[in-house]
Each structure stands twice: as structure tokens, then as C-alpha cells.
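Chemist: Residues per chain, in single letters:
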Amino acid sequence: MNANDEIEIIKVENKNAKYNNSNNTNLHLNAESKKESDSKVESKLDIPMIEIKGLAKSFGTFDALKGIDLTIAKGTVFGFVGPNGAGKSTTMSILATLMAPSSGYAKVDGFDVTEYPHEVRKRIGYMPDFFGVYDQFKTVEYLHFYGASYGIPKAEREQLIPQLLELVNLSDKKDAYVDTLSRGMKQRLCLARCLVHDPELLILDEPASGLDPRARIEMREILRELKAMGKTIIISSHILPELAEMVDEIGVIEHGQMIAQGNVSDIQNKLRVKRFLHIRLMGREEEAEVFLRDRPFVNRLLRDERGIQVHFGGQDEEQAELLHDLFAAGFKLVSFSEAQTNLEDVFLEITKGGDALQ
Amino acid sequence: MKEQAAGRSGGMSWRNKLINPVLNKEFKLRMRSPRAMWTLFFYLFAIGLMALSAIYLTQLNSRGSQGFNPEESKLLFYFLSMAQLGLIAFMAPGLTAGVISGEREKQTLNLLLTTQQSSATIVLSKLVSSLSFMILIVIATIPVYSMMFLYGGISPKQLFLIFLFYLFIMVVLGSFGILFSSLFKRTMISVIVSYGVTLFIFGGTAILFFVLVGMMSQAATQPIANTYSWIGHVIAWNPVAALYSILEPSISEQAFTVNMGNSSVKRAPIELWQEFMIIYSVLSGLSLWLAIRKLRPSLKRRGM
Ligand SMILES: Nc1ncnc2c1ncn2[C@@H]1O[C@H](COP(=O)(O)OP(=O)(O)OP(=O)(O)O)[C@@H](O)[C@H]1O
Ligand SMILES: [Mg+2]
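Chains A and B, in that order, are what the protein sequence lines are. Under our numbering, the letters of the first sequence match residues 1 to 358, in that order. Under our numbering, the letters of the second sequence match residues 1 to 304, in that order.
Hints are computed from structural coordinates only; laboratory data are not their basis. By construction, the Cβ of each residue, glycine as well, lies at the ideal position given by its N, Cα and C atoms. A portion of the hints provided could be inaccurate.
[To be verified] With a Cα cut of at most 27 Å, we get these calculated DSS-like pairs of lysine-lysine:
{"#": "1", "chain 1": "B", "residue 1": "Lys-74", "chain 2": "B", "residue 2": "Lys-157"}
{"#": "2", "chain 1": "B", "residue 1": "Lys-28", "chain 2": "B", "residue 2": "Lys-106"}
{"#": "3", "chain 1": "A", "residue 1": "Lys-186", "chain 2": "B", "residue 2": "Lys-106"}
{"#": "4", "chain 1": "A", "residue 1": "Lys-138", "chain 2": "A", "residue 2": "Lys-74"}
{"#": "5", "chain 1": "B", "residue 1": "Lys-106", "chain 2": "A", "residue 2": "Lys-174"}
{"#": "6", "chain 1": "A", "residue 1": "Lys-53", "chain 2": "A", "residue 2": "Lys-66"}
{"#": "7", "chain 1": "B", "residue 1": "Lys-28", "chain 2": "B", "residue 2": "Lys-185"}
{"#": "8", "chain 1": "A", "residue 1": "Lys-154", "chain 2": "A", "residue 2": "Lys-186"}
{"#": "9", "chain 1": "A", "residue 1": "Lys-174", "chain 2": "A", "residue 2": "Lys-138"}
{"#": "10", "chain 1": "B", "residue 1": "Lys-185", "chain 2": "B", "residue 2": "Lys-106"}
{"#": "11", "chain 1": "A", "residue 1": "Lys-154", "chain 2": "A", "residue 2": "Lys-173"}
{"#": "12", "chain 1": "A", "residue 1": "Lys-66", "chain 2": "B", "residue 2": "Lys-294"}
{"#": "13", "chain 1": "B", "residue 1": "Lys-28", "chain 2": "A", "residue 2": "Lys-138"}
{"#": "14", "chain 1": "A", "residue 1": "Lys-154", "chain 2": "A", "residue 2": "Lys-174"}
{"#": "15", "chain 1": "B", "residue 1": "Lys-294", "chain 2": "B", "residue 2": "Lys-74"}
{"#": "16", "chain 1": "A", "residue 1": "Lys-138", "chain 2": "A", "residue 2": "Lys-173"}
{"#": "17", "chain 1": "A", "residue 1": "Lys-174", "chain 2": "B", "residue 2": "Lys-74"}
{"#": "18", "chain 1": "A", "residue 1": "Lys-174", "chain 2": "A", "residue 2": "Lys-186"}
{"#": "19", "chain 1": "A", "residue 1": "Lys-74", "chain 2": "A", "residue 2": "Lys-53"}
{"#": "20", "chain 1": "B", "residue 1": "Lys-294", "chain 2": "B", "residue 2": "Lys-185"}
{"#": "21", "chain 1": "A", "residue 1": "Lys-173", "chain 2": "A", "residue 2": "Lys-186"}
{"#": "22", "chain 1": "A", "residue 1": "Lys-173", "chain 2": "B", "residue 2": "Lys-74"}
{"#": "23", "chain 1": "A", "residue 1": "Lys-154", "chain 2": "B", "residue 2": "Lys-157"}
{"#": "24", "chain 1": "A", "residue 1": "Lys-138", "chain 2": "B", "residue 2": "Lys-106"}
{"#": "25", "chain 1": "B", "residue 1": "Lys-185", "chain 2": "A", "residue 2": "Lys-186"}
{"#": "26", "chain 1": "B", "residue 1": "Lys-28", "chain 2": "A", "residue 2": "Lys-186"}
{"#": "27", "chain 1": "B", "residue 1": "Lys-28", "chain 2": "B", "residue 2": "Lys-294"}
{"#": "28", "chain 1": "A", "residue 1": "Lys-138", "chain 2": "A", "residue 2": "Lys-154"}
{"#": "29", "chain 1": "A", "residue 1": "Lys-173", "chain 2": "B", "residue 2": "Lys-106"}
[What the hints assert, rightly or not] These stretches of chain B come out as covered by chain A in the derived footprint (C-beta under 8 Å, 3 or more residues):
{"#": "30", "region": "104-115"}
{"#": "31", "region": "208-215"}
Taking the hints into account, I'd like the entire structure generated from these sequences.
Modeler: Spelled out as C-alpha cells, the structure:
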């Protein structure tokens, strides 16, 4: 599949989502609280849902986040991509008021997470990457407990919980003990738990990890419905296609730094490498790496046992120039080849975790 | 906390104020776990066994003499009171040292911390629920006690004080357990440290006292003995001594003199159990405060 096709798909999906929207407005919560949150959103539409500036977090001497800037408007579905250890979960737990940043700030709906954690917690539904459940609760009791913990009165919960179970397809498991649920069911239950207080922002840390393909699709359907309800969603994943289908914007994080951010097609343009060159040498690889890095049009570069891979921004002419210069510098080339790329490859490269980009 | 309860629903019933969601959950989950039943069972078994063997031994001793000896039944009562104290000391850290770290290990804590429940509500609810369970257990031992009570030799006031003391020691050991449970990531470590501290409170303070007494009476070979001494303040840290001072008020006076042989005693500045309660009220208050502080990362908290 090439990159343009993917954009097409995303557009179509978006249309579907809008279409769903008109069908689904009465699905969640009672009319009253819906109205209430609508007016709230309207009155503060100008405030971004998430505003992060210079966010840094160190664990001892290790810098997990190195100054992240990020603004997410209300109603946006934001995909957070990055390799293991990039800092996705760290960012999300800071947003969820579970961790204080070392410097910089993060605001949710205008409220600083460290100064007004109480206000922030009202507005977020957080699903951590790993979570446990209280085994001795039944599904319904589990949701009742969290509902009560958010201060929702019992009468309201009685109405709400069946709807939530319906939304995540767990109605038939409502009287089952939580520890008898399968992993995917627990994951959906946890999602229902996030929604119990009708938060405006959902922070979902790899909600689809560990799910089989079918369950992933189900999870995606649920998220699509949530998006149609107008929720702002920030969702992390390693798996790009999974995200690309439903997100409006994407942020790529690596080594605690945002390396690209914007709406899906922007990112694509920004990250698009015109060419993807593969160079193999007889020895002197380190030297060649240094040499190549200083060349114009070399965007990114990665060296491994198979050789050096270069994201090259130039055209034929510049490419010929590069080859010439390599010879001129006395490097012995085994091969110098050009590969076709698509969006997926680009992301794979970017999130590969190489130290190539300094 | 109050704001949010009122915020969503207007007026809440008194029940909702008294039993918050966390407490409610703790009660339910604790009573549903098979461990609760086993704890209760073993506790009653242990105390019953001790009571019966104590009765048997005293009967054996006093064979021949008719009727019962109030001195002996008093002894029996003392023994049982101490046994109960020992069992509480054994139970309290075990019941509380895992309440927070356990949730952390089971990865449910983060979910709880993102709800509207304040740190204080969470910590105190966990304390109250553990306490309630311990109180339930101690109440379940009352039949054994009343058996002793039939023999006579103890005043109702003492009995009341003793149960108050039990409650107090549960709160103290419970707060320590919860503190360690929120300080340490691992339940295992928290449990070990809690038992270590309990052991120090029970054994360490006593050893310290006797070592100091030994040193002082050695230093004071000249006849300056029998004067008031600060040393009583050391043994006031010991729960056994404190409980004993409820049973035998004269202990408090003895504790504050260096040489115990003579009886030219000034009044004790304070009863041992009273000083004990003052000391440990402060310590357990501090522990709870710290546990609440450490539950969540130190955010600035302007909005709390
Ligand atoms: N509590 C902690 N103490 C020390 N280091 C930590 C802690 N939490 C995270 N880190 C480090 O911070 C970095 C970022 O971790 P984070 O969990 O945010 O990554 P991630 O992007 O979510 O990765 P993954 O895709 O594997 O979930 C990692 O190198 C990790 O080792
Ligand atoms: Mg993660």
C-alpha cells in the first residue's frame, strides 16, 4: 500500500465517523449531563485540551523526557508513536497527574497538572499500559466502585453502567467476577472504567496491546464511537497502521524528544524522504558515516551490519554528486542502491531507535 | 473531598459521607478474601488455646485448695491480656503493611489515584478498614475474656482501659504498617520493616531499658539510689510495660526509680500507659501524615 492510499482511507474513515456521530448522540449518559458538558466545551473551545511546554522528566541522571512541546485541540484524536522507552508512558502519566515533571508544564483544559490535579482528574479518563483489577469484584461492582470514586451518585450510576457495558460489549458479563474475564475483556472493562465519569479527555496508553486482531478491531470500533461523541483522545501505540486509520494528528517521539508532529498528511510530507539509499562499503564504515552526515540532503542516517542507510532529500543530480564524492574521498563501495519507501517504512525507520539522528 | 461529594449530587446522605467508596471497597474486598476467614479462625484458635492451657495450669497449681483464688484468676487475666497484645502485635503489621504496596504491585493503585478520592481518604479508609477487621477479631475474643471475668479480680474500668489500649495499639501499628506500605514499592519489604519496627517497639525498648537500668545502678553504687530518674521515660515506649501499668498502676512509680529494692518512692510524673499513648499518638499521627504525603508524587497541590 502506498502512502497516498493511506491518506485516502483516513479521509473516508473520518467521514464515517461524522456520519456515526448523528446516530450516536443519545448513546452516552443521560441528556442532562450531555448538555452540561456541551456547553462547557463551547464556552472554552479556545483553550486547547492539552498544552505541554518544555516538559522534561529525569529519573536520577537519566532523562526520559527532554523538553516536549505539544498542543492538542479539543475533539482531536492524537496518536502518539514511538519505540520502546521513547517516553510515551512517561508523558501520559504526567498528564494523568501520577508523576510530577522535572521541568516544563502540562495543562489539561487550561489546568496545570501539578497545580490543579483535582480539576485535571475530573477531566481525564486514564488507561495505563499495565493495569490490574480487583479480582473479587464483579464487573458491575467494579464500575460502581470507580463511579462512586468519581462522586457519581448511585442512581446515576445505575443508569450509566449498563450503557457503558453495552458500549464495550460486556453486557453479558456484568455479573461475572473480574478475574474470570479474558485479557481483552479486562481491557474493554478498563476502557469502560475510564468513561464512567464522562471525561472530556481520554488518555489511552496502548489500549490494544496484547489483543488479538479481532479484539483490536473491536477496540478500534469503540474508539471510533468515542471520537464521534466528541471526546479528545490521546492514544499511544507502536503500531502505525492501527493508529493511522483513526487519528487526526500524530506525534512521533523518540528518546524523550518529539521528532515530528502535526496532522497525518503534514507529517507525511515532513517525514517523506525522497530517497532511501543503501550503501555498502569495504571497511571504513565509521569514517563514511561521519563523512555522510555532513553532506547536504542527508536527512537521517543509520549504520548497521548490513551497511549504511541514508534518508536522502535530494534528486538524481544530488545523488550522483554524493556518489561521486564518496569515490573522491577514497571510500570503497560495494554497492550504492536506492529503495522505494512508503509511509510505513518511514515510520519504521524513524522509530527504530537508532542513534543516527543527533 | 467534600467539594466533590457535594459537587455532583447536591446533598449526600450521611451514609455516603461516613462510608466513602474506598472504605466500602476495602470492606467488601477484605471480607470476600478467604484470608479474612483464616485470620479470624487462627486468631480465635490461638487465644482459645492459650486461655485453656492457662486455666489448666492454674488448676493444676491450686489443686487441693478449695474454690478459686482471686490472685490466681488475676494472674490468668494478666496472662490473657498480654497474650492478646502479642497477637495484635502479630496481626496488625500483617494486615496493614500491604494495603498500599499491594495495590501498587497489583497495578490497581494508579487507577485509584486518578480518581477524585483524596490521598487522605485513601490512606485513612485503608486504616479504618484494617482497624475494623481487627476490632471484629478482638470482639470475637470477648467470650473467652468473659470466661476469665467470671473469676473476678479485675475492675470494669481496667477492662475498659485495656480494650482502649488495644484499639490504640492497633491504630499505632496500623499507621506504621501503612506508612511503610506507601514508602516501599514492594509489599515484602514493607512487611519485613513493619515487623522489624514492631519487634523493636516490643523487645528493643525493653532491652534498652534494662541495659540502661543496669548501667545506672552500676554507676550508682553509692547511696544515691531510689531517686527519681528519667529512665522511666524509656520504658514508657514499651507497650507491654504500658499495658502492665494499666493492670498494676504501681509499676509506673517503680519505673521512675533507679533502684527498685527500696520503697521510698516519689510519685511517678505520669502513668506509663499515659506517656505511651502521648508518644505514640504523635508518632502515628506523623506516620499517617507522611503516608498521605507520599501516596502521590509531590505535586504542588494548590488546587486540592
Ligand atoms: N520509574 C522509572 N524509573 C526510572 N526510569 C524510568 C521510570 N519510568 C520510565 N523510565 C525510563 O524512562 C524511559 C521512557 O519510558 P516510557 O515508559 O515512557 O517509554 P514508552 O515510550 O512508554 O515505551 P513503551 O513503548 O515500551 O511503553 C525509559 O527509558 C524507561 O526506562
Ligand atoms: Mg509505554
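Chemist: State for each hint whether it applies.
Modeler: Quick rundown of the hints versus the structure:
1. Distance restraint check for Lys-74 (chain B) and Lys-157 (chain B): the Cα-Cα separation of roughly 15 Å lies within the 27 Å cut-off, and the hinted pair is therefore satisfied.
2. Only pairs whose Cα atoms come within 27 Å are accepted, and Lys-28 (chain B) paired with Lys-106 (chain B) is accepted, the gap being roughly 17 Å.
3. Taking the CA atoms of Lys-186 (chain A) and Lys-106 (chain B), the gap is near 14 Å; set against the 27 Å cutoff, the hint holds.
4. Of the supplied pair hints, the one linking Lys-138 (chain A) and Lys-74 (chain A) is violated, its CA atoms being roughly 34 Å apart against a limit of 27 Å.
5. Distance hint between Lys-106 (chain B) and Lys-174 (chain A) is fulfilled; the C-alpha atoms sit about 22 Å from each other, no more than 27 Å.
6. Restraint check for Lys-53 (chain A) and Lys-66 (chain A): satisfied, since their Cα atoms lie roughly 11 Å apart, inside the 27 Å limit.
7. Between Lys-28 (chain B) and Lys-185 (chain B) the alpha-carbon distance is near 24 Å, which keeps this suggested pair within the 27 Å criterion.
8. Note on Lys-154 (chain A) and Lys-186 (chain A): the hinted pairing holds, with a Cα-Cα distance of about 23 Å set against a maximum of 27 Å.
9. Only pairs whose Cα atoms come within 27 Å are accepted, and Lys-174 (chain A) paired with Lys-138 (chain A) is accepted, the gap being roughly 7 Å.
10. Proposed proximity of Lys-185 (chain B) and Lys-106 (chain B) is supported: the alpha carbons are some 11 Å apart, at most 27 Å.
11. A threshold of 27 Å between alpha carbons decides the hint, and for Lys-154 (chain A) with Lys-173 (chain A) the separation of about 20 Å falls inside it, so the pair holds.
12. This hinted pair checks out: Lys-66 (chain A) and Lys-294 (chain B) have alpha carbons roughly 26 Å apart, not beyond 27 Å.
13. Proposed proximity of Lys-28 (chain B) and Lys-138 (chain A) is supported: the alpha carbons are some 11 Å apart, at most 27 Å.
14. Distance check on the hinted pair: Lys-154 (chain A) and Lys-174 (chain A) sit about 17 Å apart at the alpha-carbon level, within 27 Å; holds.
15. Distance restraint check for Lys-294 (chain B) and Lys-74 (chain B): the Cα-Cα separation of roughly 45 Å exceeds the 27 Å cut-off, and the hinted pair is therefore not satisfied.
16. In summary, the hint linking Lys-138 (chain A) to Lys-173 (chain A) is supported, as the alpha carbons are separated by about 9 Å, within the 27 Å threshold.
17. For the given pair, Lys-174 (chain A) sits about 57 Å from Lys-74 (chain B) by alpha-carbon distance, which is inconsistent with the 27 Å threshold.
18. Taking the CA atoms of Lys-174 (chain A) and Lys-186 (chain A), the gap is about 12 Å. The hint holds against a cut of 27 Å.
19. With a C-alpha separation of about 17 Å, the suggested pair Lys-74 (chain A) and Lys-53 (chain A) falls inside the 27 Å cut-off, and the hint holds.
20. In summary, the hint linking Lys-294 (chain B) to Lys-185 (chain B) is supported, as the alpha carbons are separated by about 11 Å, within the 27 Å threshold.
21. At most 27 Å may separate the alpha-carbon atoms for a hinted pair to count; Lys-173 (chain A) and Lys-186 (chain A) meet this at roughly 11 Å.
22. Restraint check: the Cα-Cα separation between Lys-173 (chain A) and Lys-74 (chain B) comes to about 58 Å, which exceeds 27 Å; the hinted pair is violated.
23. For the suggested pair Lys-154 (chain A) and Lys-157 (chain B), the alpha carbons sit about 44 Å apart, so the restraint of at most 27 Å is broken.
24. This hinted pair checks out: Lys-138 (chain A) and Lys-106 (chain B) have alpha carbons roughly 17 Å apart, not beyond 27 Å.
25. About 24 Å separates the Cα atoms of Lys-185 (chain B) and Lys-186 (chain A), which keeps this hinted pair within 27 Å; it holds.
26. With a CA separation close to 20 Å, the supplied pair Lys-28 (chain B) and Lys-186 (chain A) stays within the 27 Å bound.
27. Simply put, Lys-28 (chain B) and Lys-294 (chain B) have alpha-carbon atoms about 26 Å apart, close enough for the 27 Å limit, and the pair holds.
28. Between Lys-138 (chain A) and Lys-154 (chain A) the alpha-carbon distance is near 16 Å, which keeps this suggested pair within the 27 Å criterion.
29. Using a Cα cut-off of 27 Å, the hinted pair Lys-173 (chain A) and Lys-106 (chain B) holds, with the two alpha carbons roughly 22 Å apart.
30. By the rule of at least three residues with a Cβ nearer than 8 Å to a Cβ of chain A, the coverage given for the region 104-115 of chain B holds, with 9 such residues.
31. Beta-carbon proximity to chain A at under 8 Å applies to 0 residues in the region 208-215 of chain B; the threshold of 3 is not reached and the given coverage is violated.
The structure fails hints 4, 15, 17, 22, 23 and 31 (numbered hints given earlier, in ascending order).
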